[in-house]
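Enquirer: Here the numbering used here is used: the first residue of the sequence shown is 1, the next is one more, and so on.
No lab work stands behind these hints, which were simulated from the structure alone.
Certain hints may be false.
[Claimed, not checked] In the EDC-like style, the derived pairs of lysine to aspartate or glutamate whose C-alpha atoms are separated by at most 16 Å in a straight line are:
#, residue 1, residue 2
1, K277, D466
2, K25, D325
3, K113, D414
4, K540, E442
5, K277, E305
6, K568, D551
7, K85, D123
[As the list claims (entries may be wrong)] FRET-style restraints, in silico, Cβ to Cβ:
#, residue 1, residue 2, range
8, P510, P359, 33 to 41 Å
9, P93, P47, 20 to 28 Å
10, D429, D551, 24 to 32 Å
11, G541, P93, 53 to 61 Å
12, G114, P93, 35 to 43 Å
Small disclaimer: the values here were computed from a predicted structure and weren't measured.
A virtual CB, placed ideally from N, CA and C, is assigned to each residue, including glycine.
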Amino acid sequence: MGTQISLMICPCCNGHDAIERPPSKICETCWKGLFMAHLGLLQKVHPSRGGDQTSGGFTYRTTWAEVASRASEGCRWCQLVYATKEEEEEPGPDSPLRIVVGSQGCLQNCTPKGTQDLSVFIDDTLHFIGYVYTTADDSAAQYIVARNRVLDVGTTKSLALAKQSLDECIYTHNSCPRPLALPPFLPTRLIDCSNVAHPRLIATDGTRGSYAALSYVWGEPQPHSTTVSNLETYLNFIDPEHLPQTILDAIHTTHEIGLDYLWADTLCIIQDSPEDKGRELSRMRLVYRDAHVTIIAASARRVSEGFLQERPAAPITGHSTFLRDITLPFLCPPEKGHSGEHVVGELRVSPIWTYTDPPGQPSVQYNPNMEPVNDRGWCMQEYFMSPRSLVFASHTLQFHCQTAVQNIGSAYHDEERRARLPDVLFLQDEDLQLIADLGGDEWQLREAWHMLVRDYTRRSITVPGDKLVALGGIAEDMHRIFRTQYLAGLWRDTLLADLLWSKRVRSDIPRPREYRAPSWSWAAVDGQVEAGAISVRSGKGLHLAHVVTCDITLKNAEIPYGEVIAGKLTLRSPVVACAWNLKTPNLLYRIDSLPDPAVITSTDDDEELEVAMEAIGIGYIDSDDDEGVKGVWAVPIHWSNNIVAGLIVDREHSQAPAAGGKRFRRIGCFNTHAAAGPVNWLRDVPLVNIEIV
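Generate the whole structure from the sequences, applying the supplied hints.
Expert: Below, the structure is given as structure tokens:
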């Protein structure tokens with residue numbers, strides 16, 4: 001059966017072929033039909049609804065056999081269409097297909113605004129959707145919104161585009177904080193970048209001004225960091241030959257975007273001075289919040305790599321069928337009132353989703369979690385505390401602010417993975433004082449904190465003692481709004497809710513050897529944490545416990561959001577003797593017949609114990625280090641919709657004899673969701689004081 005081309009010839013072509021010979025890699029059939037109609041991009045596609053056929057765009061009829069034949073002969077369009085076919089696709093190879101091609105409208109949740117999609121519907125089923133782009137100097141540029149990615153990220157031209165995005169944010173973005181009328185106080189020390197061949201440290205002595213801050217991965221020792229012994233030398237001159245490439249690239253970038261000063265921890269903090277470190281770490285929030293822009297070396301795995309290398313032209317996609325970019329000709333319509341020759345431009349299509357994608361696994365355009373900087377704990381707060389950032393990603397240069405994320409030069413960026421802090425966090429202290437009641441924003445801020453804990457705890461921290469310190473800047477920022485005591489990663493006003501964090505994956509990660517936080521804090525364990533409980537965060541339900549006392553001891557009183565050396569929590573709560581880690585994984589059993597769960601040993605018959613006891617919930621262990629513990633206590637914290645959530649504790653075995661065996665440590669959490677039966681077992685349980693350390 002021959003291909004039937006619809007009669008929807010583009011009006012501007014006057015009903016005849018404007019350019020007779022098809023370009024290379026496009027078959028004559030596709031050229032005289034689809035490509036003469038501008039790939040349907042100039043007529044919106046309307047997907048099938050209520051039994052109606054898909055309409056708009058450009059429609060043509062063919063068969064899978066014909067598509068396969070033309071694809072084998074090298075037609076790029078037929079190759080794209082055939083790649084969306086499943087192996088056992090119906091109809092058969094010779095059955096007619098109705099294909100509609102065009103744009104469904106501007107893509108949502110992306111930049112630049114107005115980016116067009118190219119969609120392919122086969123027999124009213126969406127088979128392919130991609131975004132289209134072209135170069136700024138191509139003839140197709142007046143019809144196509146998005147541009148190609150900037151690859152030479154370190155050139156004067158590229159950094160000028162970055163500065164253009166920065167200035168646009170400062171002067172036109174209503175959701176972004178404006179620079180203060182009076183410039184901020186400068187950090188204690190900065191790198192003078194006014195002469196890139198002759199960098200030096202300066203002591204700011206309380207002056208005001210503008211500067212850039214650097215966020216990067218060390219990844220290796222930096223022998224030429226600032227120390228007590230070389231400080232005076234560095235105040236005169238820092239030999240560029242001694243500096244790692246990332247620092248050199250940051251100096252170059254700072255200079256190119258019109259700033260004289262750069263803050264980088266390795267040079268601006270005296271690395272062998274505990275006093276200077278403590279003082280400067282306590283100011284981290286201000287260093288990044290007050291920076292004119294933060295330079296983020298996202299792609300560099302170590303400081304010696306640098307971040308201004310030219311990016312690859314076509315990053316590898318996770319898709320097994322499609323290339324990242326599919327190049328196609330685009331027949332540009334003649335300008336209105338002109339009957340001159342048609343011009344063939346060029347556009348590229350990059351897949352977003354295809355019919356053959358595995359469920360839940362669309363074609364990945366770019367995942368920021370792949371960047372080395374997004375695996376480092378310190379870098380998280382440096383990013384979130386920065387109102388504006390230049391992110392040197394592995395595929396291009398980006399500009400991030402509270403309003404949007406842009407690939408500079410108007411290249412496509414999908415914002416669906418975007419996470420940011422609420423705008424209120426960027427208000428100055430004096431403006432915050434005018435807000436008496438946060439109203440509905442309070443839960444949004446709580447959710448933001450839970451998001452931060454979830455993101456932060458999946459990241460790595462090289463120095464164990466930095467677990468709380470590396471989040472201290474954001475905690476200090478949150479404290480300005482929450483206005484309640486910060487307790488080793490938790491907040492006093494919502495302490496009962498905050499206690500219900502869980503580690504539902506990677507419990508195989510051992511507990512840290514060094515003390516970092518009390519067991520009831522998520523900072524006491526490694527691995528990603530889900531903060532809080534949904535029912536409690538929503539403000540619904542009933543607390544079953546209340547806080548008697550909660551105290552922490554700071555290692556350094558000058559860093560209230562930093563290291564702790566001790567912590568104690570006393571709850572008045574029901575306490576239920578239980579057993580877990582038996583034959584059935586995760587089930588938590590109430591022990592009615594035994595006065596003390598500690599008598600259960602690993603030699604007991606698990607099957608007999610399970611038969612004799614009532615399952616009351618599902619337990620989630622914090623670390624497999626405690627998988628041998630079978631006799632435990634459940635401490636119910638909250639009840640909502642007939643579901644109870646609480647802590648699982650064991651005796652603190654290192655306690656002093658004077659404690660009388662009444663001091664406990666958290667080893668997990670539980671809830672009664674999906675447990676056998678109602679929660680009647682709580683009715684007669686008395687309230688007692690329990691101390692958890």
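Enquirer: For every hint, state whether the structure bears it out.
Expert: Status of the hints after comparison with the structure:
Our distance criterion of 16 Å between C-alpha atoms is met by K277 and D466, whose separation comes to about 12 Å. Proximity of K25 to D325 is assessed by CA-CA distance (about 15 Å); at most 16 Å being required, the pair is judged to hold. For a cut-off of 16 Å, the pair hint linking K113 to D414 stands: about 11 Å separates their Cα positions. Of the supplied pair hints, the one linking K540 and E442 holds, its CA atoms being roughly 15 Å apart against a limit of 16 Å.
For the given pair, K277 sits about 26 Å from E305 by alpha-carbon distance, which is inconsistent with the 16 Å threshold. Between K568 and D551 the alpha-carbon distance is near 5 Å, which keeps this suggested pair within the 16 Å criterion. Proposed proximity of K85 and D123 is supported: the alpha carbons are some 12 Å apart, at most 16 Å. Taken as a hint, the range 33 to 41 Å holds for the pair P510 and P359, whose Cβ atoms sit roughly 35 Å apart.
For the pair P93 and P47, the beta carbons lie near 26 Å from each other, so the given range of 20 to 28 Å is met. Take D429 and D551: their Cβ atoms lie about 27 Å apart, and the range 24 to 32 Å holds. The hinted window of 53 to 61 Å between G541 and P93 holds, with their beta carbons roughly 59 Å apart. For the pair G114 and P93, the supplied restraint of 35 to 43 Å holds, since their beta-carbon distance comes to about 39 Å.
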